[in-house]
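Visitor: Could you put together the complete structure from these sequences and hints?
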Amino acid sequence: MQQDILINWSPQETRVAVVEQGAVQELHIERTLERGLVGNIYLGKVSRVLPGMQSAFIDIGLERAAFLHVADVWQRHESGDAPMIARKNEPPKPIEHQVFEGQSIVVQVIKDPIGTKGARLSTQISIAGRLLVHLPQDEHIGVSQKITPEERDALRGRLQQLVGLKENGGGGGFILRTNGEDATDEELAEDIAYLRKTWARVKNAAVTLPPMSVLHQDLNLLQRVLRDMVGEDTQSIRIDSKEQFGLLMAFGKEFMPSAAPKLQLYKGERPIFDLYSIDEEIAKALGRRVDLKSGGYLIIDQTEALTTVDVNTGGYVGARNFDDTIFKTNLEAAQAIARQMRLRNLGGIIIADFIDMAHDEHREQVLEELNKQLKRDRVKTMAGTFSQLGLVEMTRKRTRESLAHMLCEACPVCQGKGSVKTVRSVAYEILREILREARQFNPKEFRVVANPDVIDLLLDEESQHLAGLSDFIQKPISLQSEGALAQEQYDIVLL
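The working numbering runs 687 ahead of the 1-based position in the sequence shown.
Think of the hints as simulated: they come from the structure by calculation, not from any bench.
Among the clues, some could well be false.
Straight line, CA to CA, 20 Å or less: simulated EDC-like cross-link-like pairs of lysine to aspartate or glutamate [said to hold, decoys possible]:
1) K949 - E919
2) K1108 - D1178
3) K980 - D1010
Guide: Here is the structure:
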């Protein structure tokens, strides 16, 4: 499917939109002060080992300690005073036998910090190049699963010969990326040499720099666009910054010569994201409701554990009968769900509650359409079948925060609950709190400072209850309205 990539650059933020058939399918945002960490290699320091969880916390210089699970630890060996580098271990030893507090350890970020969770680490290092991924601690030679099986064996044979050449340095494994399928031996040899030099720099930095140092940093978003997102289906890559266009063109000519010709400098008067109403799509992607063209709609709710998608027919009555109406709505919803997963960068477990269908044939067609759309996702995604309750469970690999978590924060009024107590509930809470305070203290007067709506209710409909409480505790109660306070906020001052 033909796609266009639009890049909106500013000193504080880079935004990338992938457009297919005139609709935005993916959004990538990188802020200068909040750049992602996936792929970065650090010299960490073990701050705590937890045998009960078979994990360890590693200090890599971030606000929160990063997390290393035993499944991501490779057996280690020491070479002189050098920090220990991972080697594969089957079966894994208990983590307390592999790492210890205060130890220096070379680690790579495999998941960015998300919410309250720190970054996730691995000691199995991989360094991505233009055509290959280097596995310096392994001898494995692999080929991307997206390349046809017929060509895979031939490519593996070529790569094995190139990797074994002495002039390429020797040592380490490699995986051929999809965009290396048509590369020449010379291009592959150059990438092998570049990746081995990069690993040599990492090893040298690991023995010369202090703990919590960055040993290797992955490419920025602009460079990753050329490395990871551009393919045969990409028609154009338009960027609205002359300076960044020049830098990206130079990078492309050196490392991604097939992608460089697709780069274009956007000179239009309208903002580049206005071409496809991308800012409007971003606003919609932050909402719960997604309207379908047929009149149906989706309700998407994100929680820390999973994301739920509820499909509703809404006002759709266009089909011949009720069963067809449900089928057509579910079919359109399958397409929309796959798109929203990419657009919102939803990760983890995703549960889709389709409308119940009476015919097995309809269920199979909806699942087929869903899987067809999910195959277009560059992030690993899997979908199950319909459960007995009519639910479809999906998983999508999570490596960075969703669009909503990146652009939004919890409401300061409701603290993320999505609702607040009613005015009457707050008023009764205040009355109970005054009674509680009166039993412990003996002030001359109680003063209630609260939201104007709460004060108005206490002065009007609840004035009798307020007066009764004042008589019961034998203390005057005064009221003070404060517009700066939210509906649930109040103070009881003892005078």
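Visitor: Which hints from the list above does the structure break, by number from lowest to highest?
Guide: none
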